Amino acid sequence: AVLSSPPAEVVLTFSEPVREVPDKVRVIGPDGKRVDRGKPQFDGAVVTIPLDSGPEGTYLVSYRVISADSHPVSGGYTYSVGQATEPPTDTGGEATGDPAVTTAVKITRYVGYVGLVLLVGPLLVLSLLWPRRLSRRGPARLVWTGVGLVTVATLAGFWLQAPYTSGGSFFEASGGDFEDVLLSTYGVAHLVRLGVLAAAAILIPALLSGRAAWTDHALLAFVGVAGLVTWPLTGHPAASSVPTVSVIVDAVHLGGMAVWLGGMVMLVAFLLPQAHPRELAVILPVWSRWAAVSVGALLVTGTGQAFIEVDALDSLTGTTYGKLILAKVALLALVLAVAAYSHKLVERFADDGSSRRLRRAVWAELAISAVILAVSAVLVQTIPARTAAANARLDSYYSTTLTSSLFTLQVEVEPALVGGNSIHLYSFTSENQPLPVLEWKATIALPEKDIEPIEIPLITFTDYHVLGEIRLPTAGDWELRITARTSDIDQATVTATVPIK
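If you read the sequence shown in the working numbering, its first letter stands for residue 1, the second for the next number, and so on.
Check each hint, because a few of them may be wrong.
[Unchecked claim] Okay, derived cross-link-like pairs now, BS3-like style, lysine-lysine, Cα gap no bigger than 30 Å in a straight line:
1. K328 <-> K106
2. K449 <-> K501
3. K501 <-> K328
4. K323 <-> K441
5. K441 <-> K344
6. K106 <-> K323
7. K328 <-> K344
Just so you know, these hints were derived from the structure itself, not from any lab. None of these values were measured; they are calculated from a predicted model.
Construct the complete structure from the given sequences, taking the supplied hints into account.
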């Protein structure tokens, strides 16, 4: 917009609560100097930026904030005072972030998932399915490896969050950045997870030795559930439209994944090579039922979470998040096909001892599942489809200023996409003062596809502002033609080419 006088403040309104990244919310004047005064005020989803007066020309509003799901969000837009000029630049405001840090965050997530698999599944098998005559040394190493990986991933995630949110490199984060992380939901969840790991480290030895009482099992189960909940609290579920449901669904999803994959690791690494066929004839049917429950939980919770995060079918193919969901579904379908084959081998195991073929099938399940974990690690760092679709609509916003001998016309088309569009028209004098219009007429056409001019119904809001609503059936460069009559004898016509995607 072109304003007649400098505003006293700029207000940013987000779709969910945001937190501050220090010194990353700025307003830059036409001369390249900052005009924001003091610290911006954060109040939930609203950020207010007090301004000093500046010269005429175009101003840049630049921001980087932390969203409710702990991910950084950056962007910017311009407005003008008096007249439009070349937009200024801001080298320190809207940081896109260090790609190496972003990649490290995803790798850390993957390491954490692997640790969860090696911790949860083996503990459950050792508690309920492990033959007494077999040594527990190998599985114990697996469990402690899982504890170590989750601990390393938690500490690394806490450290990386500071440069990840501030947009700097690995070693550019300040003490203040780490303090902000510590006081955030992300930091608290990671501290709780470290506490859970410490409590688990006290309880696990008794279980590994086979001397754990039922109270030890109950306490470990309680601690495990508390630990699982810390994962969704630092991701998309915490910022969904139904956060409580999303957090529970995601925790169940993680638990099902850890039980299923961890149990398969125990099968292929220890039980199938070491257990006696008579022992396996008892263990495998029980494990098969566990796997069926875990997979069912994965399917139900994964579908539920997809419905929450993907608000339209076209978002599945039109957003990165949706494409990753489809990739995960395809890989899971492949795993389920292999799992069905494994289940048949389990049913025949007592008759023909299909140990070798079963091991191969389980290895195949694990290999594909490792890829699924990698996709999941990327998925949790990707903008949800519902948000990406909304951003796409905002990014498609079209605005232009048209001039004639009688008036200056501000034209805004939203969202400038195929389908329903809102067209706002504002008339001003050459001094940028509102100019009353007695009669408006607007048409839109697409000559390249032989679509003749369509008249746009207009609703008057004020004497200088009207709104038109129209559905555009196809993409292309549409010709918008506007006629405004400012007196009984004075009128002028201006045109604009509006790219519809």
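Could you work out which earlier hints the structure fails to respect and list their numbers in ascending sequence? Numbers 4, 5, in rising order.
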